[in-house]
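Go by the hints and put chain B onto chain A.
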Amino acid sequence: VRRKSRKIGTRPITRRKRRGHSNATPSAAAASAKTLGLDRLRLRLVVFSVLLVTIFVALFSRLWFLQVLAGDEYQALARENRVRRVESEPPRGRILDRNGNVLVDNRPTLSITIDRQLIDEEKIPKVLKRLSKVLDVRVKELRKRLNDGTVSPYKPVPVANDVTEAQANEIFPYQERFPGVDIEELQIRKYPYGRLLAHVLGYVGEISEEELEESDQFRKGYRAGDIIGKAGIERTYDAFLRGKPRIEQVVVNADNQVVGKRLKQEQQPGNDLYLSADIRVQEIVERALADGIEAARGGGYQAPDGGVAVLEPDTGDVIAMASYPTYKPSMLADGFSFKDQRMLAGDPKTNQDDALTNRAMASEQAPGSTFKPITAGAALANDVIGPYDGLDCPGSRTYPPEGGPGSVAFPNWTSADSGFVTLPKSLEISCNTFYYELGWQMETRWGQRGDGTERFQKYERRAGFGNPTGVDLPYEQDGVVPDMQWCKDNEDIGYCPDGWLPGYTVNMSIGQGDLKVTPIQMAASYAALVNGGIVWEPRMGYEVRRPPVQEQDELEETQTRTETDPQSEDGDPQSKVTEKVEVSKSKLIKEIKAPRGSVLPLDDIELGAIREGLEAVVASGTAASSFAGFPLDRFPVGGKTGTAQRGETGENDSWFLSYGPANDPGYVIAVYVEQAGHGGTTSAPIARQIWEGIAELEGVQGVDASTEVSLASDGSG
Amino acid sequence: MATIFGEAVDRIGGEPISARMARKAPIRHLDPTLLLMTLALSAYGALMIFSSTVSKQEAAGADPAFFMKRQIAYIVAGVVALLVVSFFDYRHVRALAPVLYGVTILALILVLTPLGDVQNNARSWFNFGLFQIQPSEFAKLALIVAMAAWLAERKGDVRWLDLGLCLGIVGILSALIFVEPDLGGTMVIVAILIVMLLVGGAKLRHFIALGLLGTVAIVGAFQMDLVEDYQIERITAFLDPSPDVRTEGYNLTQAKIAIASGGLRGKGVGSENTQTDLDFVPEQHTDFIFTAVGEQLGFMGGAALLGLFAILIWRSLRIAAMARDTFGMLVAAGIAGMWAFQLFVNVGMTMGIMPITGLPLPFVSFGGSGLLMNFMAVGLLLNIHMRRFL
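Order-wise, the sequence lines are chains A and B.
Using the working numbering, the first residue of the first sequence is number 1, and each one after it goes up by one.
Using the working numbering, the first residue of the second sequence is number 1001, and each one after it goes up by one.
Chain A extracted, bound-state conformation (with noise of 0.2 Å):
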């Protein structure tokens, strides 16, 4: 009780009292007197305590700071500091053709990091120096290589690839002239048949930010650093190509020495791609594509590019694809120069095409009259013709018919009047005055000026156009249906500045104009013509397939045998040695097919009648001389040739697009070549070429596939 009378604030008052009275008391004035200078002092000990209280209270505000309100940030930084994340890529999935065909495989390659955590910036110019010396490489590259911002800071950069066994040992025992300096081996790419197929396979590279941030496909499961398909194949199809990597959370203490670790996720190589490309068709249509190029720049045409599609009509398989100028995919694995680079980004200087665009689906242009047939559809669909009926051809139409100011002429490709034609053999002699007829037809019946529904583009669309095919490839072009609402969203630019005219539908009737497409649109509406109307969405995918677990050595085999195969850079592909896998030892993870995109609204009779002016095309039409000497009667072939006038330039651009065997279609092939004459000219002899290569193949007899792509004369539009 007494200890805690003496408790602050306790004291009873009665005591306090006691004092003041006290303080009256000559004894208490004494003892007073006695403790003066003591009682002052202790009015100090107040001020000395307010100053620790202002510590108290400055340490306890600190705190709770640091551990309350920043704790969560700090205990981020404290994982920094101990948790290091230790990845190993897994080996990349191989690529494939529908056959087991290796087209990209892994080769291990020496190469030489910089781990810019462990070199003082000073330090840098000297070692790259050295560097350049051994690996014979200018410094200024090594430089550029080193800053290059898409590798993580924290990961070591490679600067050279493909370094021998001898540069390696100028560098590894000399690790204090070559600080931050280490030799990685690492799978890179590589690409047994060199070039083909280069546009579908794609590449590989570091993920960009832009990638990491902003794409939906690359959201979830990346980070930096990570190499992903950047083009093509490798891109669509990323996921089940990359695997997963081993993961393994290393915890070091203050010196860095590992004192602990935790497996997060066990390696898992990338599956296997088939694709349902045929590498032989694909190596026939490159062949073809690149010989017709060449001849009808012998022949006084620019033909700066093309692209050929292949399709399976039956299934919507992509069995070829291709486009010109195109480029050894195995540069952009191994490195390339700044040569290399200005064939690949192309060069306005010396009017070199770029060689990266896939033209086969990324290249709009007018279809010429290609289009047709897709007129004609449009027509049967709409009423306005019957499958067998006709229509008078004269040498030029004029519309509006009853003349008038503002009526214009519009001219069929000869003078000539080829008098009263079916639907059928309007599409082989490519009557243009049949198909402006067409199309004036779908504009008026409705009303003046249609009736707004704009049937005709309605059909264009649910033929395929005006949007992507939706082939599982990146980067495909929409092309162009002009209607009344593109008119209005062009506007400011100085398009349609009357408004949707009838003479815009006439002109689109013969594919020219302001509508655009690309050749797999082309392919993949041509299919539906064929195989009773449904629209694929192509698929190049095929299957996804787990490989067989090696054995050791099974394993080891395969390694020494990449490595005694030199990796010849260019030349014929059919010379090397190229691997062919056993599908059926693998897991099916995944088939791919072909969506359905839409349905013509055409019976087998219209389809029918359609087809038989195709087959005529060839067979006696605008593509005879071209298919002269073809051996039709085994291997029938339908098509139509199709001219497109360039706006800007006047020249032409090539297109031909067929099928065949016409009796039961295996394949569809839209072919196209920039300013290179007519349709038949140039697009048709390639065709034909194709063709020929394929119907050897389907072993057919009296087929010379060996003759090279020769132009044809041809005056048709």
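Treat the hints as calculated values from the structure; they're not laboratory data.
Treat the hints with caution; some may be incorrect.
Partner residues aside, some chain B positions facing chain A, computed with beta carbon under 7 Å [to be verified]:
(1) Asn1121
(2) Ala1122
(3) Phe1131
Straight-line alpha carbon distances no greater than 30 Å define the calculated DSS-like cross-link-like pairs of lysine-lysine that follow [said to hold, decoys possible]:
(4) A:Lys230 <-> A:Lys516
(5) A:Lys133 <-> A:Lys220
(6) A:Lys190 <-> A:Lys220
(7) A:Lys190 <-> A:Lys587
(8) A:Lys264 <-> B:Lys1056
(9) A:Lys261 <-> B:Lys1056
All C-beta atoms, glycine included, are put in the ideal place defined by N, C-alpha and C.
Only chain B this time, still in chain A's reference frame:
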């Protein structure tokens, strides 16, 4: 105002205190709270010393509890010293003040000769093989006693002469400690000087003069290159901490991470993969011991430790206020000031609000001399408290 610390009471129940107290033995007036705080802080420290050295000791294949065992031995020695110091009437100490001061000066001079042992670039220790003694720690207490003895003579009437004398007492002492070099120790000496002048009755003009003198001294020290570069770097690092390993800011950054990552509750004593366990904080069992507290026991543990100190210092002030004479009051205030300053600078530096100076946390940091001195200080406080009525 003095009621905060309790008042000096001269009569209880009408009976003069002296008469009453004459019947009572001093032991009856022990301050158990102060003693309890002392032991609690020491035990807390020993545990933290264990947790911050165990992983390194294990890695080296040494006795994991080596440092803790040593510290416990120091604590036992400290308790003995405490008992001895509290046993004699502190007023005898007053008489002994000049002797204590003289011995201290002698020891500080001797330690600078080859008799002294160099550790961490500082010649601050006498090495007796089994244990070492750091005279600068004891110098703090000797200074408190010496200044209290002189200022008590003045009874609050400090003149310029007294100020000069105090400066002389402190100047010789701090110069000897400064050249060891022990910057932290020097700072404590200066802090003690200021606290004791404040409580001992120095006037405002004295402090102004002192401030001017201090400025001149600091500028002079820099001009004459008496301060080493690393000392400047350490002091300024807290203004712009850099996590770079090569700079002084590294220690501070790691210390801050350790404390702050403890969060509210801490990661638990001895838990794995902490900053403490992985040895990211340098000198953790000595100057940076508070980081072990903060990380392992969180805000709860850190606040508890500060709370223990708060009670300890409050009890010291209370003893100062209740002291029977000026000498007792000044000694108690000096001790409170010494602890408060060391606490503030030490804990403050680990949290980045004070510059990094080599200062141990009283009772908690590993180290025998400091612990022994602090226990002796507690003994003095208890002595003053027990004999406040005699």
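Results of checking the hints against the structure:
Below 7 Å, beta-carbon pairs count as interface contacts, and Asn1121 of chain B has none with chain A, the closest being about 21 Å; its hint is therefore violated. With 7 Å as the threshold, the beta carbon of Ala1122 of chain B stays out of range of chain A, its nearest partner Cβ sitting at about 23 Å, so the hint is violated. The criterion of a C-beta within 7 Å of any C-beta in chain A is not met by Phe1131 of chain B, whose closest approach is roughly 29 Å, and the hint is violated. For a cut-off of 30 Å, the pair hint linking Lys230 of chain A to Lys516 of chain A stands: about 27 Å separates their Cα positions.
Note on Lys133 of chain A and Lys220 of chain A: the hinted pairing is violated, with a Cα-Cα distance of about 42 Å set against a maximum of 30 Å. Note on Lys190 of chain A and Lys220 of chain A: the hinted pairing holds, with a Cα-Cα distance of about 28 Å set against a maximum of 30 Å. This hinted pair checks out: Lys190 of chain A and Lys587 of chain A have alpha carbons roughly 24 Å apart, not beyond 30 Å. For the given pair, Lys264 of chain A sits about 27 Å from Lys1056 of chain B by alpha-carbon distance, which is consistent with the 30 Å threshold.
Restraint check for Lys261 of chain A and Lys1056 of chain B: satisfied, since their Cα atoms lie roughly 19 Å apart, inside the 30 Å limit.
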